[in-house]
Amino acid sequence: MTAPGGLGDIFLVILLTSLLSFGGGNGYIPVMQARWIETGLLDPALFSFVLGLSYLTPGPKSGFIAGVGYYLAGIPGALVAALAVVIPTCLGAAGVSYAAKSMEKIVSLVTPSSGFILAGLIAAAAWGTAAPMNLSPLHLAGIAVVAVLVMWR
Amino acid sequence: MLEPRPVNARRIFSLFLKVGATTFGGMWASTQKLEKALVTRAGWLKRHELQNLFVVSTLVPAPKFTSLGALVGFKTGGWFGSVAAVAGLILPGYVAVVAAAAVFRPDLLEGPLEPLNIAVGVAVVGVLFGNAYHQIRRSKVSRCQRLVGICLSASIFAAILAGVPLIAAAVVGFVAGAILIRPSAPLVVAAQDEA
Numbered sequence: 001m002t003a004p005g006g007l008g009d010i011f012l013v014i015l016l017t018s019l020l021s022f023g024g025g026n027g028y029i030p031v032m033q034a035r036w037i038e039t040g041l042l043d044p045a046l047f048s049f050v051l052g053l054s055y056l057t058p059g060p061k062s063g064f065i066a067g068v069g070y071y072l073a074g075i076p077g078a079l080v081a082a083l084a085v086v087i088p089t090c091l092g093a094a095g096v097s098y099a100a101k102s103m104e105k106i107v108s109l110v111t112p113s114s115g116f117i118l119a120g121l122i123a124a125a126a127w128g129t130a131a132p133m134n135l136s137p138l139h140l141a142g143i144a145v146v147a148v149l150v151m152w153r
Numbered sequence: 154m155l156e157p158r159p160v161n162a163r164r165i166f167s168l169f170l171k172v173g174a175t176t177f178g179g180m181w182a183s184t185q186k187l188e189k190a191l192v193t194r195a196g197w198l199k200r201h202e203l204q205n206l207f208v209v210s211t212l213v214p215a216p217k218f219t220s221l222g223a224l225v226g227f228k229t230g231g232w233f234g235s236v237a238a239v240a241g242l243i244l245p246g247y248v249a250v251v252a253a254a255a256v257f258r259p260d261l262l263e264g265p266l267e268p269l270n271i272a273v274g275v276a277v278v279g280v281l282f283g284n285a286y287h288q289i290r291r292s293k294v295s296r297c298q299r300l301v302g303i304c305l306s307a308s309i310f311a312a313i314l315a316g317v318p319l320i321a322a323a324v325v326g327f328v329a330g331a332i333l334i335r336p337s338a339p340l341v342v343a344a345q346d347e348a
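These protein sequence lines are chains D and Z, in that order. The opening residue of the first sequence carries number 1 in our numbering; numbering runs sequentially from there. The opening residue of the second sequence carries number 154 in our numbering; numbering runs sequentially from there.
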């Protein structure tokens, strides 16, 4: 059931790794590397490929999880990987929602500043995305143009 | 604040399917699109509620964007809404990644598709910076509080760049924001929603 790279293994590893994914999907990467790449079950080139694809495809960037599931166990692997994302996400969201319900006063206190907190988090995400890209001055100009267009909209 | 409202799970799935099929670069790059879809068009949330959910999504042990979908789905349609939102949100991207993995060779991204890869990255970074600006611009606070808020944004940005975990930066930002930027008038939240 839980043979390395099998459906049970994919489900459990992704389900448990969700607990390390506070604030983003990057928590999956080191665990997948240790469990499936370093053990030879998954070619590093394939892993890099699906990581890159998840930036080119729409929706959440966690799409690479389905790609890893596919390379390990075909379509059933991709489905099990998706299920292992959906379950902890919905349980965690429900838990946080119930907790937030009992903290309405605190939520109302942070509401006026939430836009500024978001701005800092978004800017950090932008920097984190740009840093590994080895950007040329032309790319930086492109970023500036897109940013101004979005600001102006 | 987070009481579920009865919205049909099929409608939730449909809306998030559209969001999942038309957004690139993750949750932070999609804040404006989500605001239009959830606040302006569907009317399921007020703007400040969505802003709070953006930040709360960093507290859920799961990827942020899917967490946001689950939070919105749970708030508007309960458990079924939560599952419907996450399923709709991830379906287009997951199917596209699996389809591409099945059809294309891994060296494609370093060959013919490299320019597209870089162009998408450049666009996403630009959209992110633009969205960060919008979050500051739309905050309805006094001029003095705005300056404090910009310093708060800059501090969170610098802290994350210095290696502080995102969740820690968000929590400290919440606490500092609650202390430094108090509602100066009872209608601050209402003004935010009207904007």
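Incorrect hints may appear among the rest.
Ranges of calculated distance between the beta carbons of each label pair, as one might list FRET restraints [to be verified]:
#, chain 1, residue 1, chain 2, residue 2, range
1, Z, 318, D, 144, 38 to 46 Å
2, Z, 303, D, 8, 43 to 51 Å
3, Z, 318, D, 132, 12 to 20 Å
4, Z, 265, D, 101, 26 to 34 Å
5, D, 38, Z, 196, 43 to 51 Å
6, D, 105, Z, 186, 43 to 51 Å
7, D, 131, Z, 260, 42 to 50 Å
8, Z, 297, D, 127, 45 to 53 Å
Distance condition first, Cα-Cα at most 30 Å in a straight line; then the derived DSS-like pairs of lysine-lysine [unchecked claim]:
#, chain 1, residue 1, chain 2, residue 2
9, D, 105, Z, 186
10, Z, 171, D, 105
11, Z, 186, D, 101
12, Z, 199, D, 105
13, Z, 186, Z, 199
Hints listed in this document are in silico derivations from the structure and should not be mistaken for laboratory results. Ideal Cβ positions, reconstructed from N, Cα and C, are used throughout, including at glycine.
Query - 26 to 34 Å as the expected CB spacing between residue 101 (chain D) and residue 265 (chain Z), which holds or is violated - result: Given a distance of about 51 Å, which is not inside 26 to 34 Å, the answer is violated.
Report task. Would you mind confirming whether the straight-line C-alpha gap from residue 199 (chain Z) to residue 105 (chain D) stays at or under 30 Å? Result -> holds (17 Å)
Query raised in the report: Do residue 303 (chain Z) and residue 8 (chain D) keep their Cβ atoms within the hinted range of 43 to 51 Å?
Result: 50 Å Cβ-Cβ, so the 43 to 51 Å window holds.
**Report entry** CB-CB spacing for residue 186 (chain Z) and residue 105 (chain D) relative to the 43 to 51 Å hint
**Finding:** violated (31 Å)
Query - Satisfaction of hint between residue 199 (chain Z) and residue 186 (chain Z), Cα-Cα up to 30 Å - result: OK: residue 186 (chain Z) and residue 199 (chain Z) at ~14 Å, within 30 Å.
Query raised in the report: residue 186 (chain Z) and residue 101 (chain D): Cα distance at most 30 Å?
Result: Given pair residue 186 (chain Z), residue 101 (chain D) holds - Cα atoms ~26 Å apart, limit 30 Å.
Query - Supplied distance hint 38 to 46 Å, evaluated on CB atoms of residue 318 (chain Z) and residue 144 (chain D) - result: For residue 318 (chain Z) and residue 144 (chain D) the Cβ distance comes to about 29 Å; the hint is violated.
Query raised in the report: Holds or violated: are the alpha carbons of residue 105 (chain D) and residue 186 (chain Z) at most 30 Å from each other?
Result: holds (29 Å)
Query raised in the report: CB of residue 38 (chain D) to CB of residue 196 (chain Z), is that within 43 to 51 Å?
Result: holds (49 Å)
Requested in this report: Compare the distance between the alpha carbons of residue 171 (chain Z) and residue 105 (chain D) with 30 Å, and conclude whether the hinted pair is satisfied.
Outcome: violated (34 Å)
Requested in this report: Given the range 45 to 53 Å, decide if the beta-carbon distance of residue 297 (chain Z) to residue 127 (chain D) lies inside it.
Outcome: violated (27 Å)
Report task. Mind checking the hinted window 12 to 20 Å against the Cβ distance between residue 318 (chain Z) and residue 132 (chain D)? Result -> Given a distance of about 19 Å, which is inside 12 to 20 Å, the answer is holds.
Hint compliance for this structure: hints 1, 4, 6, 7, 8, 10 are not met, and every other hint is.
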